[in-house]
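**Q** Chain residues, written in single-letter form:
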Amino acid sequence: MPIHLHPDRLLPADPGVRALARRLYDSVRGLAILSPHGHVDARLLAEDEPFGDPASLLISPDHYVTRLLHAAGVPLHDLGVGRGPLSETAARTAWRRLCEHWPVFRGTPVRYWLETELGEVFGVEDRPAPDTADRIYDRIAERLAEPSFRPRALFGRFGIDVLATTDDPCDDLAAHRALAEDPAWRARVVPTFRPDRYLEPERAGWAKAVMRLGEAADTDTSDYDGYIRALEARRRHFVEHGATSADHSHADARTDPLPSRDADRIYRAALAGDATEAETLAFRRHMLLEMARMSCEDGLVMTLHPAVRRNHHPPTLHRYGPDTGHDIPLRAEFTDALRPLLERYGTADGFQLVLFTIDETAFSREIAPLAGFYPSVYAGAPWWFLDAPDAIRRFQRSVTETAGLSRTTGFVDDTRAFCSIPARHDMSRRLDSGFLAELVAEHRLTEEEAFEAAAELVAVNPRRAFKL
Amino acid sequence: MPIHLHPDRLLPADPGVRALARRLYDSVRGLAILSPHGHVDARLLAEDEPFGDPASLLISPDHYVTRLLHAAGVPLHDLGVGRGPLSETAARTAWRRLCEHWPVFRGTPVRYWLETELGEVFGVEDRPAPDTADRIYDRIAERLAEPSFRPRALFGRFGIDVLATTDDPCDDLAAHRALAEDPAWRARVVPTFRPDRYLEPERAGWAKAVMRLGEAADTDTSDYDGYIRALEARRRHFVEHGATSADHSHADARTDPLPSRDADRIYRAALAGDATEAETLAFRRHMLLEMARMSCEDGLVMTLHPAVRRNHHPPTLHRYGPDTGHDIPLRAEFTDALRPLLERYGTADGFQLVLFTIDETAFSREIAPLAGFYPSVYAGAPWWFLDAPDAIRRFQRSVTETAGLSRTTGFVDDTRAFCSIPARHDMSRRLDSGFLAELVAEHRLTEEEAFEAAAELVAVNPRRAFKL
Amino acid sequence: MPIHLHPDRLLPADPGVRALARRLYDSVRGLAILSPHGHVDARLLAEDEPFGDPASLLISPDHYVTRLLHAAGVPLHDLGVGRGPLSETAARTAWRRLCEHWPVFRGTPVRYWLETELGEVFGVEDRPAPDTADRIYDRIAERLAEPSFRPRALFGRFGIDVLATTDDPCDDLAAHRALAEDPAWRARVVPTFRPDRYLEPERAGWAKAVMRLGEAADTDTSDYDGYIRALEARRRHFVEHGATSADHSHADARTDPLPSRDADRIYRAALAGDATEAETLAFRRHMLLEMARMSCEDGLVMTLHPAVRRNHHPPTLHRYGPDTGHDIPLRAEFTDALRPLLERYGTADGFQLVLFTIDETAFSREIAPLAGFYPSVYAGAPWWFLDAPDAIRRFQRSVTETAGLSRTTGFVDDTRAFCSIPARHDMSRRLDSGFLAELVAEHRLTEEEAFEAAAELVAVNPRRAFKL
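Protein chains in written order, with the working numbering: chain A, 131 to 598; chain B, 131 to 598; chain C, 131 to 598.
Chain A with its partners taken away, still in its complex shape (with noise of 0.2 angstroms):
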């Protein structure tokens, strides 16, 4: 069976209105990617080397691939996880376990994806089978050995115009600003200003980081107003490096504010060692407020993606590391969580929060009602398990009644797979011409504002929710 990338594919089975999402799809899908949130590595840019092997880049450091093998039983071992770089036998061995397991994609946005990356990327006319796996193997290892295969080639090719990266607080920002200064390169290539583990003190290591802290910021954080100092002074250091950001992800989305003489005796007694369980928690949902007032005062983009179990599976964990493919959701609560946040910043100039939920129910039932009234609130796009066709649809239908369109951020594609973002962006595109073809057919939306809407959710809502 070869690979058919049908013109159509996910566009609404209705002849009549796929007629019309084809045409808005048309409209839109030329247009510049911009990137907003994602964790592509920002010296693959700066350094431009080859990339590896086909299953290091395509298998070994993709969760959303990984989990349904291990689902079906292969070994993350054999799929390359944790292992750095890999041998041609071990690669082969990783490429093969996947075009063995090709039909337990069947139904998800992985098959889709890297069928549309192998298409159109590698130009492999081969579905993934026992019987093709070398052979599309071989040809994607020749394509990566190209130049026109190097990333920089590739994110031109992709028409990249604008990509956040994630990092930590204490990184130099050499590869951004590397980037930056290069006269060859003309696209922007902006850090994200990730702070969790310097906000948690119960994770193992806190104490460390906050010391890795301060000397980064040059200040001394062995008290809380050193450590807030240098919480200040890194988000300087990442907003003189073009970020527009600063993206939180924690259990949950409480923000209540503590007297400062409790958070510094927190601080204190978390650096000894002495801290309770209530009190860290306390002191975590007080720094994500604390982060709101920075980002009211340095203009950073506030994004949230709260209720997550991380690193279900100790025994992975320990095996494997962390990211590897059993974060599983709670449920979200953003109402009263974040009511003494916007109580204080939600009307605030400047200030912008995105929430983003994996935990679909907070859709209808809070997002939307949020960010359908806060000036400041916006509602992110599906993400990670819900970017998928179905999910997102769903999406569309929860929120845009209560917020509209404008309300939105416009896709967020938050991958580590460099070569998937088209083919996400590319699948967004679809399924929003999709959606509001299916306004214009029920005649809530006449033809000219569908073709106007199209083309700001891709090209607008981004830079608005954003501030790119």
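Derived by calculation from the structure, the hints in this document are not laboratory data. A quick note: this is a predicted structure, and the numbers were derived from the prediction, not measured. All C-beta atoms, glycine included, are put in the ideal place defined by N, C-alpha and C. Treat each hint with caution, since some may be false.
Stated by the list, open to error - Computed cross-link-like contacts, DMTMM-like style, restricted to lysine to aspartate or glutamate with a CA-CA straight-line distance of at most 25 angstroms:
(1) Lys597(A) to Glu230(B)
(2) Lys338(A) to Asp348(A)
(3) Lys597(C) to Asp301(C)
(4) Lys597(B) to Glu230(C)
(5) Lys597(C) to Glu230(A)
(6) Lys597(B) to Asp298(B)
(7) Lys597(A) to Asp312(A)
(8) Lys597(C) to Asp291(C)
As the list claims (entries may be wrong) - A few chain C residues that don't get close to chain A, going by computed Cβ distances all over 10 angstroms:
(9) Asp208
(10) Gly253
(11) Arg269
(12) Ala337
What the hints assert, rightly or not - Each pair of labels, with its calculated beta carbon distance range:
(13) Glu250(B) to Glu577(A): 18 to 24 angstroms
(14) Ala399(A) to Asp428(B): 57 to 63 angstroms
(15) Ala259(C) to Arg593(B): 20 to 26 angstroms
(16) Gly335(B) to Glu427(A): 35 to 41 angstroms
(17) Pro445(B) to His448(A): 44 to 50 angstroms
(18) Pro137(C) to Pro277(B): 55 to 61 angstroms
(19) Pro137(C) to Asp428(B): 52 to 58 angstroms
(20) Lys597(B) to Leu447(C): 27 to 33 angstroms
(21) Arg213(C) to Ala308(B): 54 to 60 angstroms
(22) Arg287(A) to Arg213(B): 54 to 60 angstroms
(23) Arg359(B) to Ala259(C): 46 to 52 angstroms
(24) Ala408(A) to Asp394(B): 35 to 41 angstroms
(25) Asp326(C) to Arg153(B): 50 to 56 angstroms
(26) Gly253(C) to Lys597(B): 42 to 48 angstroms
Place chains B and C on chain A using the hints.
**A** Just chains B and C now, kept in the frame of chain A:
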């Protein structure tokens, strides 16, 4: 761009299904409107004064309209919120803001309702836009000066048979009485008993409120017995003035009984300002159960719509007052919360309980299962944020399979926007017709049954659920 | 009105999609039925006595049927609930009530199943209505007297290959043994171990139950060790009689371990009636973890369907007994609840855990993510209130994108209504076909894959998930 109200709007896109949906819709579009729950003021009809300016009629009091404009950056002040009668300049400014920001309503029911009102009630031909704002304003203002646009004339033109208002227990219901006694007035306008503020000792002003209640009931409310007797008396007053339901909204739906000596003790403590938060909470939950007991005795249908965080943004509350667009939903729980109530009264003769939710997860999980067993329980129409085409479709698909078509209330407009009533009911009839046509298309219902069901949803279900 | 069972019922309305759906359905409609979880009594087949009257067969024991009639005001007594064998008069009365209230089932799967049963199993041509009630009753009664309508004959006609029953741990499984040893009987009827009542010390009668358990296992259950050994022994007894799974349902899914000395202490206290509520809860949660341990050892698939408030209406429980239509869903939580269990056994060889829910919010948020990582976890088919066309479609669209098609169990009828089994499986096959056809129509799956997947969902997934 002119407003074009397509005759097939909101009907399913598939041509075959649409053809049947259109026939179903044609069979019910002209039926009289039953509005068993809403927020129109009875004095409007009793006094029949001309409406004021277009902004005071269609924008300022309607938080559905103002919230999205606020999110788009328009201060509520500019929209006339909380300002009482508006000057011509202020009214025009508000109207212009609406027209300038018209695109923010794309995909929302507000846009749908307003376009239908503008087109069908006021004969406006232009779509709102910066350059049409003044022309539309003038057109509406002109119309509002005509006798045929007075409240009673519109009421007649809208084809409303029964309209329920929502009223404070201390209200003397003079307007309702005046209408009932007016030989020139033939429709039913009935009050609804809405006692929330008298049941929540934690609210500011509660002690004064129960004193007022005592005066209204001519009963000494300085102890719990008197308080109960006063509530019973005011309910009787409402029943005597045609009320058929009592409406309740608290942060949760719990109905845990208190021994009466505890209720009495907490009541006295609350009056003295000495009750703890736990006590006032327990008292409120107990009182919701008491309301059910009274409903068993006086026959008022009990309607319940819990789980909203009222006045989420205190600065807006302080400046503009309540009901200004920042009530935000919370997770709702009914199964355990209502168990004490349903254990006692769930099968009691004549007792009826209508459950509304804006947490749509409760539809299939709790509300439909409860309404599908208890003869007293009805699934309330999707309401507030969920009173929109896609949300209504989710309700239809989530509730019907478990509770059938007969255990729902039919449509409830719940609006304070008088002129939107026909547009709202029309929307519902279109969606009912589409849903039923889809069931027929899949051979889950015969065509004959679909026609019968369409008529029942409009003309039978609300009468049954609300005892009209 | 005659019953008309349209050949395309439940297939998608779009003509192009329907054509493919019909071909997919035709390819699987005749496959043998695998019923890996249900509530038919094995004695029915072992004894093969003629069924009683139509009401005792189709109404009284089926809470799906009686609950909506009860909601419509028909007393359960009139439907024969909890009355044992019915007189001819009582049976006819119950049957008439059903026919009189036939419209309350519009839009529900009960209507769909019953019409299919009446039409396809009993050859009834009339649709239930007041004036057809007696004629239909007579027709069914006549049929039930024929040898070809005895349980074994119907079982053969239904094309059932494997039927799992649900059984008390103390059951001697004589009926299963009789069937297994009967040379005239060739299908598999396997028991399922259902130990809930033995694991919940807070339930009335628990102490007596564990004594009975001790007797059945010939083990002294006066201490915790004996209790554990007795449970293990009874599981072995089930395994020896063909069981492949153990089924568990508690108010929540938590699996928190207790040190064994605490388990022992609580066990003794509970036997003496001295355990606190917190202790019995902790014990039950610990025991669910123990059940997983035993599953690892004896190979029984663990199936879990938590979060139901059993017997919501105590007066109905007292008068009519359990399983009479008032078990009401609660919110379900799996991510944290199952973490201790999955940390220990989530990747254990041979361990399998099937997760059912009637809180559909868990599908995309928790169940699909868990089933998409853990090789042990399967997403159970939508069940009970969710075993209906639209809910099944939501399941398909919520689970597949994250977990693919291979991590689901395939259909589970879970019914005590023997004659509804073919109708239920047929419904599922139609819905699978429709879903797959829609994926093909959007070019998300090839036609060839869709045919393969349709067959696997029926014939492979249940065998794999339930180790049939």
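**Q** Hint by hint, say whether it matches the structure.
**A** Now for the hints, and whether the structure bears them out:
1. Lys597(A) to Glu230(B): Status holds; Cα separation ~23 angstroms.
2. Lys338(A) to Asp348(A): holds (15 angstroms)
3. Lys597(C) to Asp301(C): holds (22 angstroms)
4. Lys597(B) to Glu230(C): holds (23 angstroms)
5. Lys597(C) to Glu230(A): holds (23 angstroms)
6. Lys597(B) to Asp298(B): Holds - the C-alpha atoms of Asp298(B) and Lys597(B) are around 20 angstroms apart, at most 25 angstroms.
7. Lys597(A) to Asp312(A): holds (23 angstroms)
8. Lys597(C) to Asp291(C): Given that 25 angstroms is the threshold and the Cα spacing comes to 14 angstroms, the pair holds.
9. Asp208: Consistent with the label, Asp208(C) stays out of reach of chain A, its closest Cβ about 39 angstroms off (over 10 angstroms).
10. Gly253: holds (37 angstroms)
11. Arg269: Correct as stated: the minimum Cβ-Cβ distance to chain A is 41 angstroms, above 10 angstroms.
12. Ala337: Correct as stated: the minimum Cβ-Cβ distance to chain A is 36 angstroms, above 10 angstroms.
13. Glu250(B) to Glu577(A): 18 to 24 angstroms: holds (22 angstroms)
14. Ala399(A) to Asp428(B): 57 to 63 angstroms: With Cβ atoms ~59 angstroms apart, the hint holds.
15. Ala259(C) to Arg593(B): 20 to 26 angstroms: Distance hint for Ala259(C), Arg593(B) holds at roughly 23 angstroms.
16. Gly335(B) to Glu427(A): 35 to 41 angstroms: About 38 angstroms separates the Cβ atoms of Gly335(B) and Glu427(A), which means 35 to 41 angstroms holds.
17. Pro445(B) to His448(A): 44 to 50 angstroms: About 48 angstroms separates the Cβ atoms of Pro445(B) and His448(A), which means 44 to 50 angstroms holds.
18. Pro137(C) to Pro277(B): 55 to 61 angstroms: holds (60 angstroms)
19. Pro137(C) to Asp428(B): 52 to 58 angstroms: With a Cβ separation near 54 angstroms, Pro137(C) and Asp428(B) satisfy 52 to 58 angstroms, so the hint holds.
20. Lys597(B) to Leu447(C): 27 to 33 angstroms: holds (29 angstroms)
21. Arg213(C) to Ala308(B): 54 to 60 angstroms: holds (56 angstroms)
22. Arg287(A) to Arg213(B): 54 to 60 angstroms: holds (56 angstroms)
23. Arg359(B) to Ala259(C): 46 to 52 angstroms: With a Cβ separation near 50 angstroms, Arg359(B) and Ala259(C) satisfy 46 to 52 angstroms, so the hint holds.
24. Ala408(A) to Asp394(B): 35 to 41 angstroms: Given a distance of about 37 angstroms, which is inside 35 to 41 angstroms, the answer is holds.
25. Asp326(C) to Arg153(B): 50 to 56 angstroms: holds (51 angstroms)
26. Gly253(C) to Lys597(B): 42 to 48 angstroms: The hinted range 42 to 48 angstroms holds for Gly253(C) and Lys597(B), with Cβ atoms some 43 angstroms apart.
Of the hints listed earlier, there is not a single one the structure fails to meet.
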